[in-house]
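Student: Protein chains in written order, with the working numbering: chain A, 1 to 266; chain B, 1 to 335.
Calculated from the structure, these hints are not laboratory results.
Please read these numbers as outputs of a predicted model, since none were measured by experiment.
Check before you lean on any hint, since a few could be wrong.
To be verified - Looking from chain B toward chain A, a few residues come up when the C-beta cut is under 10 Å (computed):
{"#": "1", "residue": "D33"}
{"#": "2", "residue": "G34"}
{"#": "3", "residue": "K65"}
{"#": "4", "residue": "L223"}
{"#": "5", "residue": "N226"}
{"#": "6", "residue": "L229"}
{"#": "7", "residue": "C234"}
{"#": "8", "residue": "R262"}
{"#": "9", "residue": "L271"}
{"#": "10", "residue": "Q285"}
{"#": "11", "residue": "R317"}
{"#": "12", "residue": "M323"}
{"#": "13", "residue": "Q326"}
{"#": "14", "residue": "L330"}
Unchecked claim - Here are some chain B residues the structure puts well away from chain A; computed CB gaps all over 10 Å:
{"#": "15", "residue": "Y72"}
{"#": "16", "residue": "A75"}
{"#": "17", "residue": "D83"}
{"#": "18", "residue": "A88"}
{"#": "19", "residue": "D125"}
{"#": "20", "residue": "Q180"}
{"#": "21", "residue": "D207"}
To be verified - Okay, the calculated beta carbon distance ranges per label pair:
{"#": "22", "chain 1": "A", "residue 1": "Q182", "chain 2": "B", "residue 2": "R32", "range": "31 to 39 Å"}
{"#": "23", "chain 1": "B", "residue 1": "A283", "chain 2": "A", "residue 2": "K68", "range": "21 to 29 Å"}
{"#": "24", "chain 1": "A", "residue 1": "Q89", "chain 2": "B", "residue 2": "G45", "range": "51 to 59 Å"}
{"#": "25", "chain 1": "A", "residue 1": "P48", "chain 2": "B", "residue 2": "R32", "range": "27 to 35 Å"}
{"#": "26", "chain 1": "B", "residue 1": "A221", "chain 2": "A", "residue 2": "E262", "range": "54 to 62 Å"}
{"#": "27", "chain 1": "A", "residue 1": "Q89", "chain 2": "B", "residue 2": "G255", "range": "38 to 46 Å"}
{"#": "28", "chain 1": "A", "residue 1": "T15", "chain 2": "B", "residue 2": "A253", "range": "54 to 62 Å"}
{"#": "29", "chain 1": "B", "residue 1": "A221", "chain 2": "A", "residue 2": "N179", "range": "42 to 50 Å"}
{"#": "30", "chain 1": "A", "residue 1": "E117", "chain 2": "B", "residue 2": "G255", "range": "55 to 63 Å"}
{"#": "31", "chain 1": "B", "residue 1": "G77", "chain 2": "A", "residue 2": "W146", "range": "37 to 45 Å"}
C-beta: ideal position from N, C-alpha, C; glycine also.
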Amino acid sequence: MDLNEKAKQLLEAGTVQAVLGFEPGTHGAPRPAFARGADQAARLVSGPGCDQNLASYVTRAPVKRLGKLAVLATPKVLRALLQLMAERQIQEQDVLPLALDAAGQVVELATAQAMEEHLALEPDPVSTQDRELLDRLGRMTRAERWAFWQGELSRCVKCYACRSSCPMCYCEHCTMDCNRPQWVPVPSHALGNLEYHMVRSMHLAGRCVQCGDCGSACPVGIPVHLLTFNAEQTVHAQFGQRAGASAKLDYALSTFRPDDKENFIR
Amino acid sequence: MADTYQLSSASLDALFTAIQGDGRRILAPTDRDGRTELNPVRNPGEVARDYIQTTMSAKAAVFPKVEQLLSYTLAKGQVDLVDPEPQAVPTVVFGIRPCEAGGFAALDAVFNWDTRDKFFNARLDQLAVIAVGCTRRDEACFCTSVGGGPGSVKGSDILLTPWSEGFLAEVLTDKGRALQALAPKGFIPAPAVDKAALLVDVPAAFDQPALTAKLPALFDAELWGNQALRCIGCGACAFVCPTCVCFDLQEEADGQSGRRLRSWDSCGHSLFTLHASGHNPRANQGARWRQRVYHKFSYYPDRYGMLGCVGCGKCTRACPVDMNLQEHLLEAARS
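The shape of chain A in the complex, shown without the other chains (with noise of 0.2 Å):
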């Protein structure tokens, strides 16, 4: 059964209450789309350019009270769906993943079990562009580096696009929107902008599944996905795990195991 198809089956019989996948929308770029109804279910498309994840959408107070959801489900969505279960965000029955099968078939995913395995045969998530940056990031010097990032992030005018568009972005209350205490500066100078960056970097450090969203979303391209990618990817060296390969995931940096290597920590 095609996206539409099965869209349109499980809208019909109330087994999920909307369909999270994608539209046309300007210069025909797909677009995130929500149909609610089976009626809707015909404007959904998949291919090309539904690259969005849309697992950012799920943990959303207006999407929750839509109902039971069924989401499209590229490899990047079940990452931070597992991700989000990992971290209790969601639970297994709250989102009907619904991957496709090579010739458009879909597959539904309904335990997360189900949604590791079909992971397991993805090949690695960063691509060879972003590789390439990373590799080239690392072989700078620091003050070469502090001077690569000082420059982009002079461009960084705050609008947090990077924080919506992330899935694992869920808090109700950032850390940047506190003001009693003022934990970082609110304006876009300087200071403000790489204070922002390193606490989002930090927070996603183990928990960024390495989708790239933030670093699409960014209206003045700044590629603030390598932060994050090179964070995760340090926490995956240091302590051999990977954010988004399993729903039941200890987060590295809050857990302490008593066999660790390291003897300060005792």
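Got chain A; can you put chain B on it based on the hints?
Tutor: Showing chain B alone in chain A's frame:
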């Protein structure tokens, strides 16, 4: 009535040189690192050739993303207040589109609403605009639905229209005439030319006065919440907008000294209307999205007799989830 001239490419070179000789910087769209944005340029050769719009607007030239309004030091019970004079750099913005040139009036309406804002006015006084009319458009453009057009002269000091002879130059204001006077030889009286034929056709998409009249009755419609379901609540639309004027005031202080900063803010952010009590009168994204539309298409006409939107489409292009403004206005107009 504008004086109309022809301006060759070589004469534009001379004009750029003369402007800089007069001690002014020129900001123009450039293609750097794959992005078309306003940057300082020395000569017309640096100006981007093939662009519809820059991503960011020219408003930063008069309303920067962060600026210091005052500073102070505290010592022995005394407050020493420094009330800085604005540092306005004489600037010519070249190559923005007529829609965006028209956007300065919407900023002016707020910054000179009651108190005259000295920072904004100092920059505006030192700014001249040479806009370039549009020979191309895209799906996000809707200037003609909001009173503008690809050859609209509103807000420009000189409007250039690309032409086989270089440019058709309309010198529109005293500031424009002052620029012309810097390199007068290049401005040759133009023969009668059909300007509209040189420009792209942008058919009007909706009846804006009818929409504005309709909005008060639509305030409680479900439409806004439904439209906003896709909105992720970032501020990209507001920050690229040439007319979005909302700002935040922040005090950065320690025990001995402090400074007050003004920075861009957005009604799309949940914190924007959060009260100290914890109550938020715009508690959800639907209410915030509605505010964006109403401020531009209902409250601005009510309060200032003009729209808070010039139809440039920057918001639509910058939106990570394609909250196409024209499309949503059309939906409201048809509902």
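Student: Hints broken by the structure, by number, lowest first?
Tutor: 4, 14 and 29
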